[in-house]
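Colleague: What follows is the residue order along each chain.
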Amino acid sequence: MRVIMLGAHPDDSEYYAGGTAVKWAASGVDVQIIAISGGDAGHQSEGGGALARRRAEESVRSANVLGVSWRTLDFHDGGVIPSLEVREAVIRAIRDWRADIVISHRPNDYHPDHRYAGMVMQDAAYLVAVPNICPDTPRLEKNPVFMYFLDEFQRPYPFRADVAVDVGDVMKTKYDALHQMDSQMYEWLPWMDGRIDEVPDDDEGRRKWLETYMEPDFLRWTDNHRDALAGRYGDSQAAGAKFSESFELCEYGHQPSRDQLWEMFPR
Amino acid sequence: MSENAKKFEGLKVIMIGAHPDDCELKAGATAALWASQGASVRLMSLTNGDAGHHISGGGALARRRMQESERSAEILGVSSLVLDYHDGELTPSLEVRRDVIRAIRSWQADIVISPRPNDYHPDHRYASMVVADAAYMVLVPNVCPDLPPLEANPVFMYFPDHFRKPAPFSPDVIVDATPAMEKKIRSLDAMDSQMYEWLPWIDRQLDEVPVEPEQRIEYLKKFWKDHFHSSANEFKDLLTQRYGAERADQVNYAEAFELCEYGCQPERNELWEMFPY
Numbered sequence: 000m001r002v003i004m005l006g007a008h009p010d011d012s013e014y015y016a017g018g019t020a021v022k023w024a025a026s027g028v029d030v031q032i033i034a035i036s037g038g039d040a041g042h043q044s045e046g047g048g049a050l051a052r053r054r055a056e057e058s059v060r061s062a063n064v065l066g067v068s069w070r071t072l073d074f075h076d077g078g079v080i081p082s083l084e085v086r087e088a089v090i091r092a093i094r095d096w097r098a099d100i101v102i103s104h105r106p107n108d109y110h111p112d113h114r115y116a117g118m119v120m121q122d123a124a125y126l127v128a129v130p131n132i133c134p135d136t137p138r139l140e141k142n143p144v145f146m147y148f149l150d151e152f153q154r155p156y157p158f159r160a161d162v163a164v165d166v167g168d169v170m171k172t173k174y175d176a177l178h179q180m181d182s183q184m185y186e187w188l189p190w191m192d193g194r195i196d197e198v199p200d201d202d203e204g205r206r207k208w209l210e211t212y213m214e215p216d217f218l219r220w221t222d223n224h225r226d227a228l229a230g231r232y233g234d235s236q237a238a239g240a241k242f243s244e245s246f247e248l249c250e251y252g253h254q255p256s257r258d259q260l261w262e263m264f265p266r
Numbered sequence: 000m001s002e003n004a005k006k007f008e009g010l011k012v013i014m015i016g017a018h019p020d021d022c023e024l025k026a027g028a029t030a031a032l033w034a035s036q037g038a039s040v041r042l043m044s045l046t047n048g049d050a051g052h053h054i055s056g057g058g059a060l061a062r063r064r065m066q067e068s069e070r071s072a073e074i075l076g077v078s079s080l081v082l083d084y085h086d087g088e089l090t091p092s093l094e095v096r097r098d099v100i101r102a103i104r105s106w107q108a109d110i111v112i113s114p115r116p117n118d119y120h121p122d123h124r125y126a127s128m129v130v131a132d133a134a135y136m137v138l139v140p141n142v143c144p145d146l147p148p149l150e151a152n153p154v155f156m157y158f159p160d161h162f163r164k165p166a167p168f169s170p171d172v173i174v175d176a177t178p179a180m181e182k183k184i185r186s187l188d189a190m191d192s193q194m195y196e197w198l199p200w201i202d203r204q205l206d207e208v209p210v211e212p213e214q215r216i217e218y219l220k221k222f223w224k225d226h227f228h229s230s231a232n233e234f235k236d237l238l239t240q241r242y243g244a245e246r247a248d249q250v251n252y253a254e255a256f257e258l259c260e261y262g263c264q265p266e267r268n269e270l271w272e273m274f275p276y
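Residue numbers (numbering that gives the first Met the number 0), protein chains in the order written: chain A, 0 to 266; chain B, 0 to 276.
Excised from the complex, chain B in its bound form (with noise of 0.2 Å):
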């Protein structure tokens, strides 16, 4: 355990998901497991949540959410950042890179996480641009020169999604959830706007939820489960050449991820090596 502990002291990751809950939704155990064993993760939101909800909104709504990522992130075992954009307003403008590309070099990131440019929310896929559109510029010294480049062109990767058009998610690798799913759950249930009204409320569900505490996390469980469980099933083959088919069999969870084509592109074992396991 204390070797595991270590095995990834230094190594920095940055998640950047477009509102407050993507990247936690898409990659909390992976994040839980890396934090546990030394690595400093950040999550990082471009926007800040303002139009999630079905009754409040504006400020208000941002406050709250920021509050609930900092509890989350606690919880998890990392870093949390919003940044100040309006939800449901993300264009892949210049301003916003050049955030992205700030935050990328102040973290100092090995590795940096976005959706795909194919994801459903316009805001998903307008982080997804400007991210890949960082993914050179961070070593450019003459952009922004307030901050210096980074030595070494992070790896850049997806998050999963289920869209198929021009190409389907791809894993190139693929981490057992498993031992960090109770974080995960308890991390989610930290954002109750969104896990107990707003989700619930556009899935059209809101009255199925429950109020006491414990019955809440049994609800949010059973809310995700297909989806928390389909990484696992759809992506076993992989699963089986990382874990050997006898502990994929027993893997009920996991989180896959994507290398993108842009920055620093490791050979499978590196890659490999990077992940928790």
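Next comes chain A alone, as it looks inside the complex (with noise of 0.2 Å):
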């Protein structure tokens, strides 16, 4: 089985999938995560050409660290929109890594480039079949199943957790991934936050704050998601459950039952 994911930026699906995505690494299925935007205006202080190489540097040791493959489409940070050319390369990219399962942003995430690459995602979701589309590129046979990641938006209509994957035992392995991405991790994000402060110096100091810093997320994901969890694990697996990532099918593409969409995710 193949997977491919679509972030708008590098670390948007290591945090929203990461622990699913080394579970499924670790099972022999492949997986890629495309970064739409090279991630070039993520930073306080740096930017441009310079801060997209030194993202694209982090996001492949965070791959190598989730087992997975990793590229950008390098569109600019802030500037991913509904186009042609951004629709044509995410077609490709599906079909290049010959995708059984998508998974992107929904369209009301918060922010436009999460919004855009559902938008394209969507766009793609059917085109991907059509073999006068992208004609340089072989179609794909059969349609994959498109996925969204979760988010915590409520209109026009909030996040349904289709599945939920129990990832708290990869928990330290999707840690071990985020923290090589510095740039975000210790300085743009916790500076965004004006959290910036509480950052340590050190290495392990640094892999020790970021599980406080992302925990209260990641704890209130699986909180807010517990009866997909029990659907899939049962009541007492689910209950106890720190740690969970969830998807929601999307409309388009091929539409699973249930039962077959659980067996397509790692337990």
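Just so you know, these hints were derived from the structure itself, not from any lab. All values derive from a computational prediction rather than experimental measurement. Certain hints may be false.
Unchecked claim - Which residues of chain A face chain B? A few of them, derived with a C-beta cut under 7 Å, are:
hint: 1; residue: G46
hint: 2; residue: G77
hint: 3; residue: G78
hint: 4; residue: S82
hint: 5; residue: Y109
hint: 6; residue: R154
hint: 7; residue: P155
Unchecked claim - Chain B side only, calculated, beta carbon under 8 Å to chain A, not exhaustive:
hint: 8; residue: Y135
hint: 9; residue: V142
hint: 10; residue: Q264
hint: 11; residue: E266
The beta-carbon is built from N, C-alpha and C at its ideal position, and this holds for glycine as well.
The two chains are supplied separately, each in an independent frame; assemble them into the complex guided by the hints.
Modeller: Structure representation (structure tokens):
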């Protein structure tokens, strides 16, 4: 099986689905993480090509920790729009990877790049099977399953967890992967949150701090979608689960039954 | 009164409409109330309105509407800014987004108000998308590096509309507009090209428009009567929560706003404190 994750920035897929990626990879699934933008705006004091290069190096290190493949489509950060150019790059990426599952953001996440990444995935969802579109890259014979990453926005409708993955047993690896992304985890994101003063200087201290920094989000994701976890793992494992990642099925593309969908995701 | 006059000193509000008259129609009274209590309010139009007439058009119409907006803003006590995109051609491009980011930053806005993304006019919908696209970016230093980012994310709000899908307008704050209705009507009266020409024409009632200035004002009130009453009627519950039953019963005109999920998310009490009472 082959999975492609289309994050808007280098760190999005890792953050929303790093644990699931590890589990897939460990069970022999080929996972590729695509960053649609190079992330060249995501810093308070660096930017441009220099930042994009730094983030590419971080992402490759992170992908090595997860056991997945990584590449960027190199559009500008803050400049992802649902243009034909981005759409065609995404269609080619999905075809090149011969993906069975494609995952991206919902079109109502907070960041315009996330929203437009979601739209572009939707725009590609039928066209990956159409031979006259991007005729330089062979079409997919089978339409993949398209899924959305989790988010917490309510309008026009809230995220629905169609499948949840208990990732408690691989959280260490997920944190280790995020830990590779210094420019984000220890510089840009805490700066944006007004918490840059909290970040320790030493590597070990940082790795520890990362867990306290990220944990509230990850715990909330699990609390908010414990029902979905219970459906798949039973009440007692669900009740004890601390960390999970959830995904919503997109209405475009292949529509598996619930059991088929659950079979495609790692346990 | 003197306490009231200072209540919003230092508060900066920018309303971003698609056309020169959108903000005035949806929120002119709230704008006037804010301004009279010390807030700095800017009404901005993304297009120059150069398609909004049945006879004139282009640059000539844009110039006329810009002058009308200035007169209207003077009556409301606010600042007016009209960008120069063509009416009927607004798209959620990076170019428009950058102009909006710069406008919000240079006004140092605490509150930004725009249409919802499911209003009837494509320019309204795309104005909404562009403002939503700016909601996070106003904080990012590497985006539009020619202007410093805002230190605090503004509160983003929507104007009301009557469209139901994918979700109906759901007000989070409502303002008794009655004390500023005279000002609102006079600010609209300053927009002849729209109030007495284009809008009656598209509604097929051009021949009902009077010539005399005083009669025109009466006509204007009648033309917009139901529209201006509708928020007070539809959102009576919220009005009662904010003003109490006794005053809510006497409110004829209200202007309502919905909180956007992007940008700063104040508690209801904090939000209500930011709006005129």
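Colleague: All the hints need checking, so say for each whether the structure fits it.
Modeller: Results of checking the hints against the structure:
1. G46: With a closest approach of 4 Å, the A/G46 hint holds.
2. G77: This hint holds: A/G77 lies near chain B, its Cβ roughly 5 Å from the closest one there, short of 7 Å.
3. G78: Holds. Min distance 6 Å.
4. S82: This interface hint is violated because 10 Å lies over the 7 Å limit.
5. Y109: 5 Å, holds
6. R154: 6 Å, holds
7. P155: Holds, about 4 Å.
8. Y135: Interface hint status for B/Y135: holds (6 Å vs cutoff 8 Å).
9. V142: 5 Å, holds
10. Q264: It is violated, given that the least Cβ distance between B/Q264 and chain A is near 11 Å, above 8 Å.
11. E266: 16 Å, violated
Hint violations for this structure: numbers 4, 10 and 11, all remaining hints satisfied.
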